[in-house]
Amino acid sequence: MRFLRLALSALVLTMLLALGFRGAGRLPPLGAVLDPWRGVWAAASVADLPRRAADALSGLTDTVRILYDDRAVPHIFATSELDAYRALGYVVARDRLFQLELQTRATAGTLTELLGRDALEADRSQRSLGLAWSAEREWAATDSTSSVARAAKAYAEGVNAWIDALSDRDLPLEYRLLGARPLRWQPQYTLYLMKRMGYTLAFNTFERQRERVVQLVGEAAASALFPIHSPIQQPIQPGPGPYPRYDFVHLPRPEPPRLSRRMEGAQGRWRSVEVDVGSNNWAVSPKRSATGHALLAGDPHLDLTLPSIWYEAHLVVRAPASPSAPVDPQGGPAGLDAYGVTIPGLPGIVIGFNRDVAWSFTNTGSDVLDMYVETLDDNANPAMYLLDGTWRPLERRLERYVGRKGEVLSQGSVYYTHRGPVALTADRPTSIRWLVLEAGVGDALLGAQKARNVDQWLRAMETFQTPAQNGIVADRQGTIAIRSTGAFPIRPGDGRGDRMRDGTARQSDWTGFWPLPRYPFARNPAQGYLVSANQEPKDPRVDPGYLDGNWPSPWRAMRIHQLLRDDTAVTVDAMRRYQTDPGSARAEAFVPLLLELGQRALDRAGGTGATAGAAGAAEARGGPAPSLPPPPDLKQALQLLSHWDRRYTRDNAGALLFELTMTELQSRVWDELLAEGPNGPRRVATPGDAVLLQALHDPVATWWDDRRTTDFVERAQDIVAMSLAAALERARRQYGEPDTWRWDRAHRANIYHLLRIPSFSALRLPVNGGPSTISPSSGDGTDGASWRMVVELGPEVRGFGVYPGGQSGNPVSPRYQDRLPRWLNGDLDTLRFPRSAADLDPGRTTATLTLIPAGLR
Amino acid sequence: MTSLRVVTIAAATAAATILLGWWSVALVGVVSGTVLPPRRATTLEAAGGAALGWTAILEVSAVTGPIWAVAQRVGPVFSLPAWGFVAVTLVFPALLAGSAALVAGDLRR
Chain G
156 MRFLRLALSA LVLTMLLALG FRGAGRLPPL GAVLDPWRGV WAAASVADLP RRAADALSGL
216 TDTVRILYDD RAVPHIFATS ELDAYRALGY VVARDRLFQL ELQTRATAGT LTELLGRDAL
276 EADRSQRSLG LAWSAEREWA ATDSTSSVAR AAKAYAEGVN AWIDALSDRD LPLEYRLLGA
336 RPLRWQPQYT LYLMKRMGYT LAFNTFERQR ERVVQLVGEA AASALFPIHS PIQQPIQPGP
396 GPYPRYDFVH LPRPEPPRLS RRMEGAQGRW RSVEVDVGSN NWAVSPKRSA TGHALLAGDP
456 HLDLTLPSIW YEAHLVVRAP ASPSAPVDPQ GGPAGLDAYG VTIPGLPGIV IGFNRDVAWS
516 FTNTGSDVLD MYVETLDDNA NPAMYLLDGT WRPLERRLER YVGRKGEVLS QGSVYYTHRG
576 PVALTADRPT SIRWLVLEAG VGDALLGAQK ARNVDQWLRA METFQTPAQN GIVADRQGTI
636 AIRSTGAFPI RPGDGRGDRM RDGTARQSDW TGFWPLPRYP FARNPAQGYL VSANQEPKDP
696 RVDPGYLDGN WPSPWRAMRI HQLLRDDTAV TVDAMRRYQT DPGSARAEAF VPLLLELGQR
756 ALDRAGGTGA TAGAAGAAEA RGGPAPSLPP PPDLKQALQL LSHWDRRYTR DNAGALLFEL
816 TMTELQSRVW DELLAEGPNG PRRVATPGDA VLLQALHDPV ATWWDDRRTT DFVERAQDIV
876 AMSLAAALER ARRQYGEPDT WRWDRAHRAN IYHLLRIPSF SALRLPVNGG PSTISPSSGD
936 GTDGASWRMV VELGPEVRGF GVYPGGQSGN PVSPRYQDRL PRWLNGDLDT LRFPRSAADL
996 DPGRTTATLT LIPAGLR
Chain C
1085 MTSLRVVTIA AATAAATILL GWWSVALVGV VSGTVLPPRR ATTLEAAGGA ALGWTAILEV
1145 SAVTGPIWAV AQRVGPVFSL PAWGFVAVTL VFPALLAGSA ALVAGDLRR
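Respectively, the protein sequence lines represent chains G and C. Quick note on numbering: my numbering labels position 752 of the first sequence as 907, and the sequence is numbered without any gaps. Quick note on numbering: my numbering labels position 90 of the second sequence as 1174, and the sequence is numbered without any gaps.
By construction, these hints were calculated from the structure, which means they are not laboratory data.
Only pairs whose alpha carbons sit at most 25 angstroms apart, straight line, appear in this in silico SDA-like list of lysine to any residue:
| id | chain 1 | residue 1 | chain 2 | residue 2 |
| --- | --- | --- | --- | --- |
| 1 | G | K560 | C | G1105 |
| 2 | G | K790 | G | L757 |
| 3 | G | K560 | C | L1104 |
| 4 | G | K560 | C | W1107 |
| 5 | G | K560 | C | V1161 |
| 6 | G | K560 | C | F1162 |
Here are a few chain G residues that face chain C, going by a calculated C-beta distance under 7 angstroms:
| id | residue |
| --- | --- |
| 7 | S164 |
| 8 | A165 |
| 9 | V167 |
| 10 | V195 |
| 11 | A198 |
| 12 | A202 |
| 13 | S914 |
Computed footprint of chain G on chain C, listed as stretches where at least three residues anywhere in the stretch have a Cβ under 8 angstroms from a Cβ of chain G:
| id | stretch |
| --- | --- |
| 14 | 1105–1116 |
| 15 | 1135–1146 |
| 16 | 1159–1171 |
| 17 | 1184–1192 |
Remember, predicted model here, so these are calculated numbers, not experimental data. Cβ coordinates follow ideal geometry from the N, Cα and C atoms, glycine included.
Go ahead and model the full structure; you've got the sequences and the hints to work with.
Shown next as structure tokens:
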């Protein structure tokens, strides 16, 4: 009996120790997790910053004082720019260490080392693009004395100083759960981050989708459905106007499909053509602002995550006293006093303001990735590719994927032509040339944050290459300007980049880049304001050159223009309200047409009593075809839609019906673009809403015929009537009777933690806004305004801002998501902008940190 | 007497955990099973003392940080409610120390 008890208790003890040290299955080592001193519980002890702290930092030239205000924003007071970046690296690591590592590994394709085999496919996909390879190559080629190299090194010193000083109790919660230790930070990881931004903002392989569309409906129809110039013009650079201008054309009849409607296997990464999310920025000149000062607003829209992609900071480097003090290479003064948001991993302020200038960005969305069909000597294990009739060697990189314990999980090769990486497929290997792999951000942002006026800012940004940005800027002198800045490739032939190119000829390669004077640009326009919202930046009547073949419809820009046109005395508060305005130019454009066509279907119903045979016969004779009998719910759907105020407020009922109608409409109109996939028919691409609007203005276009119904030729009114009725039926089924509908029952924001752990996330958040409102919210609700900022450039610059989340990356910190309620309400915080440490109200100083040069302590 | 033993074990557990790490709870259990009289109560005292020791550390942490927030955030990661995660945290050292004390006691006999 005693031996049995001994055996059993020994077994229990062994199992507990095994669970404690090694975990089991997906369970992490439980001992390290549950340990009340060093385990996950210790996260509570670092939830708040200590009121006072000090640390020694090697490389510092002088003491740096950091004061955290009541919004947990660090105000960094340094005596040299490099010291400021060291301190920034330190404070960012202190708040966001896990985020720093995760985003670096995501770019490098080494997530398996942290997360295990589950991340293998993500790593493979990332390495096949060569982002880390290009970052390493770029870093090796960077002059070590350049400002960007010195800033990245200083930043790395700061991050590593925090890592080196890290006690077990300071370790971020995620590391404890994963049983991992932080990676030391290398200066080139700053370049990784920029490559990652390039991937997020400038990775566009639309060529594949377009090619499939051509196979289904022919070249002419494909060009009309996916035009290289937006059918609705509301350009960033004001042109001959008036705007918005509707450049609608008759959609050509689709040709019969050239290939089977079966979808091919590997089609690569597809994305919706119409981008429902996007960023905004606008600036108002003094003549249209209530106070007579220039105003600037910016709200970049990105993936919403916890912690946020942004980190708020204020960098102050005491400027030289003399106005004739040395200037930096960009032409700005040597001092620095910039406030705004930085991305963890990046030295400097990305979007923000200083004492004289405010700036913000939206993504230009220019096409900087082309695909080339290659001829290889062996499609499975190639060594050579054909170019101008001769075989040339491929560059091969062996990629090894390592697991959490250092074991090799997998290995494979990525091949490169002189253009870039090759995607191997059995029948048609393709390579890509992608500007993100060739060019970086350089030191443009470092210089821009120091500009004293619009001209200096524009000059600093001239070297910015990718991802191209619509940079808007305003200064205290009242100047406003905007420029789409980035390298824009010039292609041979028709200059278009939306089609696959022949990889066997060097003449397919880019021939150069647009010169700076050709960039979309405007300064102090007569209208008194400037707006960008990812729309086509330049009117093709001004410059028909190809920038992209995939412009989102300019609904947001149209709405912002409308609001600013109607407001001749714009205030900071108005700018704030506009950022979350629930009105929709898209709804204003579609609803009248839907009502008209729906009513026509209803009116004709009493008259003709159409039959399918009659319709076909009438069509065959070339005469007008009668309509289908109206669906029973049409009248009520029309009534509900006609009463809609066309706003996407949380409690709105009409928005719900309208969005369902649009979904039904798209699925009925674009049936020609359906192809059989493994899970049934799927649209290979969906034309943008501007093209759909164009089709609605052409109600007898062939596209209205639903080819799935063989006994009737539908027209616009039939399809609209069916869509409205189907939407009503679906809304009833999903949300009950109309008086119980609310927009926020259909759509909510979802802000996931970086590891998508639900209890670390903020999910199902009711928000104002829908597809194409100024603060767009659509799809799964994981994108949105990642930072909202309004700046008034008066004698004292005043800034206001908010982002969804909080400064701390610690999920149990009160600063983890403390800003969320204000973001949800569309409120902005007043941003504290002290000139000196003494200038910050002690009552609002929540913590101080002193960094002293190592060796002086 | 039992209470004193439990408190002593709790203090030893807390000190050992802070100084050495979670695994030292087993060590405290082994020592308890070795030095205390070989009886059933010793196992329970070791288990109770270990749980109490970790409770004390959590209490101290709660003074400076939001312990309950940790339970609320991390519990669901293990498919547990907040209170369940607290319970697991306390049961783990109890089982560890108790089984270690039992093994040590049986080996001593």
